[in-house]
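Colleague: What follows is the residue order along each chain.
2 protein chains.
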Amino acid sequence: MKTIPLALAALSLSAAAAAQSPQSVSGQGASALADEALHTDTLAWDFVEGLTTEVGPRLAGTEAEARGRDWAAEWLNRHGFANVRIEPFTLPVWVRGEERAHVVAPFPQPLVISALGDSGATPAEGITAEVVPFMSYAELEAAPAGSLAGKIAYISHAMRPTQDGSGYGFAGPARWTGPSLAASKGAVATVIKSIGTDYHRNPHTGGTTFAEGVAPIPAGALSLPDAENLERMFQRARGRPVTLHLVLTPRMTGEAQSGNVVADITGRDPSLPPMLLACHIDSWDLGTGAMDDGAGCGIIAAAARQVAAAGQPLRTIRVLMAGAEEVGVFGGEAFARAHANAPVAVALESDFGADRIWRLETNFAKANPALHQRLAQAVARFGVLSGEGVATGGADIGIARNQNAGIIDLSQDGTRYFDLHHTPDDTLDKVDPAQLRQNVAVWTEVVGILANQPGMIRSKN
Amino acid sequence: MKTIPLALAALSLSAAAAAQSPQSVSGQGASALADEALHTDTLAWDFVEGLTTEVGPRLAGTEAEARGRDWAAEWLNRHGFANVRIEPFTLPVWVRGEERAHVVAPFPQPLVISALGDSGATPAEGITAEVVPFMSYAELEAAPAGSLAGKIAYISHAMRPTQDGSGYGFAGPARWTGPSLAASKGAVATVIKSIGTDYHRNPHTGGTTFAEGVAPIPAGALSLPDAENLERMFQRARGRPVTLHLVLTPRMTGEAQSGNVVADITGRDPSLPPMLLACHIDSWDLGTGAMDDGAGCGIIAAAARQVAAAGQPLRTIRVLMAGAEEVGVFGGEAFARAHANAPVAVALESDFGADRIWRLETNFAKANPALHQRLAQAVARFGVLSGEGVATGGADIGIARNQNAGIIDLSQDGTRYFDLHHTPDDTLDKVDPAQLRQNVAVWTEVVGILANQPGMIRSKN
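Chains as they are written, first to last, in this note's numbering: chain A, 1 to 461; chain B, 1 to 461.
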């Protein structure tokens with residue numbers, strides 16, 4: 001017989017072995033449905049279209065989020081999920097108020113601003129103060145103590161779009177802790193260049209955190225066109241002070257209820273720990289939460305349904321649509337607390353939009369190389385590469401991190417994600433139906449394999 | 001000698017003739033500067049950057065428009081224009097108030113809306129009414145008299161982006177006369193799908209006109225994402241009424257002053273009627289008026305300066321930066337009235353953004369074919385084609401139409417113009433510096449030829 005290269009021979013053997021293993025039967029059924037989902041899935045679209053049209057924005061702890069939970073529970077019931085329930089928890093609620101900004105001098109004109117989550121408030125009539133520009137977070141760090149007394153700090157950055165979303169980590173501190181840092185140096189307010197990559201007059205909101213002992217100050221994000229206009233004003237002012245009038249009147253409304261929506265595709269073997277598919281049902285208030293994270297909930301729900309359609313899986317597939325993620329992962333933490341003693345085998349989260357998945361990573365490439373390889377080979381036909389990193393999971397699957405359980409990251413293309421993230425522009429029209437279906441196909445493939453995997457995935461869970 | 005094809009021979013002869021004619025000396029000087037401007041012009045950018053940064057929005061009849069006039073006059077003086085003056089006129093002024101909309105039932109959520117110019121107002125507390133959808137202006141026309149009593153009319157359209165901007169004429173009636181038509185059938189308010197082509201949460205404002213005897217009703221534009229969300233609600237409501245709460249409180253503030261900014265590059269022969277280069281200095285209030293029409297003013301001013309740099313032109317080049325164009329061409333009409341007895345030789349306007357010029361048309365291809373051909377040949381190297389149509393000119397050069405003077409249209413690429421037109425997104429970052437320079441180059445070429453043209457252009461003017 002002819003000599004064949006070793007790698008090809010190994011591949012043939014492994015394919016033959018897979019064809020004979022018991023789990024591959026159901027896995028192959030889901031595989032066929034994954035192929036079909038790539039071209040025909042309508043479930044994920046139906047979910048995100050329905051949620052954004054019939055509910056819209058779903059700010060954590062508001063009645064709108066409650067309507068979102070009820071809507072999702074009804075959808076899951078209607079689509080044959082079992083044990084659909086809402087697991088309540090409470091959180092302190094922050095709501096937006098008035099928000100306006102205008103340059104008083106030397107170049108009077110309005111600027112478009114939105115308050116950051118947990119921002120402090122100005123008086124109703126606003127404040128007027130000189131603006132001190134910092135072209136980076138590092139510049140602000142270098143400002144002497146007390147040097148911002150009575151001033152408004154402006155923080156810029158040079159965020160760039162990237163496929164892996166890494167620009168967010170680079171620019172994010174301006175929002176996450178910039179206002180607190182400025183406050184600690186005496187600033188009466190902070191305005192930042194939106195942590196985003198688009199040039200539309202739609203600021204990017206998102207949470208900010210004030211350090212222990214630092215009283216919250218008003219903190220808002222300018223859209224990129226407004227931020228860069230302000231930067232040009234500093235250039236053209238040639239040393240004259242630039243003065244801003246700012247009205248931001250958000251407020252804390254007290255403790256209120258939120259909840260996690262949980263539902264199952266019940267497996268054949270209740271003794272096996274379930275796998276967990278997560279997304280979050282809340283959204284920021286400015287958009288309708290289509291990419292963040294209506295689409296993610298649509299993807300996981302559609303994939304679970306597709307796998308169920310191939311026959312009852314061996315292992316229970318549990319869907320977690322977490323509440324109150326945006327404002328501090330309250331839902332994910334409540335779930336981890338409530339289910340601390342119920343082992344999870346493996347967890348995945350979809351919370352990075354709806355553009356195509358380009359990379360698969362797991363946290364068990366060493367502990368379970370055969371399964372890792374099987375998953376990597378199975379998704380390759382959808383254009384998904386196997387990454388070199390170790391999966392750490394999304395915000396809402398802390399339970400899997402706590403338990404040292406299996407985690408898989410299916411990385412979505414983030415190139416345009418930060419054009420939309422936390423803005424009014426996060427609306428249904430931004431979801432590309434073809435890329436959404438590729439997500440469903442990849443998830444169906446991966447969930448189909450894992451839900452029919454009898455043995456250990458990462459830990460003895 | 002070798003036989004050469006006839007067309008090429010004709011071209012050689014014509015080029016030789018041009019090289020010997022007196023006007024071609026200066027024309028060629030401007031031609032060289034046009035070539036250079038394509039790569040190096042900074043004047044047009046300096047104008048539009050300065051105007052949008054130091055002044056910002058310039059709503060007709062407001063103090064902001066007055067600051068825009070003063071800023072432009074100062075710029076023109078600083079750049080060596082002669083006879084820089086402001087020619088005042090008055091107009092009734094409309095200003096924006098509060099604007100909010102939300103769906104009350106069956107799917108409560110906010111929608112992003114902006115009032116149309118000359119919209120009527122709701123009471124401060126707003127109105128709540130059922131919405132009747134019309135998927136086109138024609139559908140609204142077909143609605144029976146009185147059928148909209150107590151209702152809010154919603155008007156949709158299917159505008160598409162086009163290079164020549166023709167989609168505007170197709171979709172525009174929904175804004176221009178839709179509210180008046182709906183009011184005549186009893187509607188208490190009208191909301192339209194923005195007359196635009198982008199999917200951002202930035203509505204397109206613009207003027208609406210109520211017919212004689214029709215009392216103005218509140219009229220606003222939803223952004224396209226909001227409009228299409230509302231359309232999906234009609235689908236999903238399955239016959240249940242869709243109810244909207246609407247707050248729009250614009251008001252007329254009375255008669256106020258506006259003005260035209262006029263300046264000259266003085267020609268060598270004062271007996272020749274001047275050529276007129278027009279743009280408008282006012283803008284809608286939502287954006288900073290970069291594409292509409294700060295860039296246009298930058299283009300014409302830069303081209304006039306480039307031509308002057310090649311040597312004093314034969315004919316005076318007059319620059320008209322008209323006031324109050326957006327709200328009803330008040331400036332252009334005031335100019336036409338004030339200068340009715342002062343002949344204009346030829347007029348051109350730049351008021352369609354800052355993307356590349358792709359077509360030249362004149363209204364003297366028959367009356368003066370040699371000049372038309374010379375212009376067409378001269379701009380060909382910038383990628384500009386000669387069109388088959390007859391130029392009719394921009395809104396502000398009615399004076400040329402009144403006088404049967406020469407008119408040239410230098411058509412800009414409108415493919416993305418209606419993504420930005422009359423929106424908050426009309427900001428400096430949308431101006432592409434390379435395409436802006438192509439505009440300056442083409443204008444410099446055309447103005448250089450015309451300003452050094454001794455004979456008749458179209459009429460005996």
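Where hints are given, some of them may not hold.
Footprint (simulated), chain B over chain A, 3 or more residues, beta carbon under 8 Å [stated by the list, open to error]:
(1) 79-88
(2) 322-336
Label-pair distances were calculated between CB atoms; the ranges are [stated by the list, open to error]:
(3) Glu98(B) to Gly239(A): 34 to 40 Å
(4) Ala149(A) to Ala338(B): 31 to 37 Å
(5) Ala124(B) to Gly254(A): 50 to 56 Å
(6) Arg160(A) to Gln377(B): 29 to 35 Å
(7) Arg416(A) to Gly169(B): 52 to 58 Å
(8) Ala338(B) to Gln435(A): 54 to 60 Å
(9) Glu255(B) to Ala149(A): 46 to 52 Å
(10) Pro161(B) to Val390(A): 56 to 62 Å
(11) Gln377(B) to Thr40(A): 40 to 46 Å
(12) Gly172(A) to Gly146(B): 54 to 60 Å
(13) Gln377(B) to Met135(A): 44 to 50 Å
Derived from the structure by calculation, the hints contain no laboratory data. Predicted, not measured: the structure shown is a model, and the values here were computed from it. Ideal Cβ placement from N, Cα and C applies to all residues, glycine included.
Colleague: The structure should be examined with respect to each hint, and the outcome stated for every one.
Modeller: Hints, one by one, checked against the model:
For the segment 79-88 of chain A, the proposed coverage by chain B is not satisfied: 0 residues have a C-beta within less than 8 Å of a C-beta in that chain, short of the threshold of three. Note: the segment 322-336 of chain A has 0 residues with beta-carbon separation from chain B under 8 Å; the three-residue rule is not met and the coverage is violated. In this structure the hint that glutamate 98(B) and glycine 239(A) lie 34 to 40 Å apart at CB holds, the actual value being about 38 Å. Checked against the hint of 31 to 37 Å, the C-beta distance between alanine 149(A) and alanine 338(B) comes to roughly 55 Å, which is inconsistent with it.
Separated by about 29 Å at the C-beta atoms, alanine 124(B) and glycine 254(A) break the suggested range of 50 to 56 Å. Between arginine 160(A) and glutamine 377(B) the CB atoms are about 44 Å apart, so this pair departs from the stated range of 29 to 35 Å. Arginine 416(A) and glycine 169(B) have their C-beta atoms about 32 Å apart, which leaves the hinted 52 to 58 Å range violated. Between alanine 338(B) and glutamine 435(A) the Cβ separation comes to about 58 Å, which falls inside the hinted range of 54 to 60 Å.
Between glutamate 255(B) and alanine 149(A) the beta carbon distance is about 47 Å. The supplied range of 46 to 52 Å therefore holds. Take proline 161(B) and valine 390(A): their Cβ atoms lie about 45 Å apart, and the range 56 to 62 Å is violated. Under the hint 40 to 46 Å, the C-beta atoms of glutamine 377(B) and threonine 40(A), about 56 Å apart, miss the expected range. In this structure the supplied range 54 to 60 Å holds for glycine 172(A) paired with glycine 146(B), their Cβ-Cβ distance being about 57 Å.
With their beta carbons about 49 Å apart, glutamine 377(B) and methionine 135(A) fall inside the hinted range of 44 to 50 Å.
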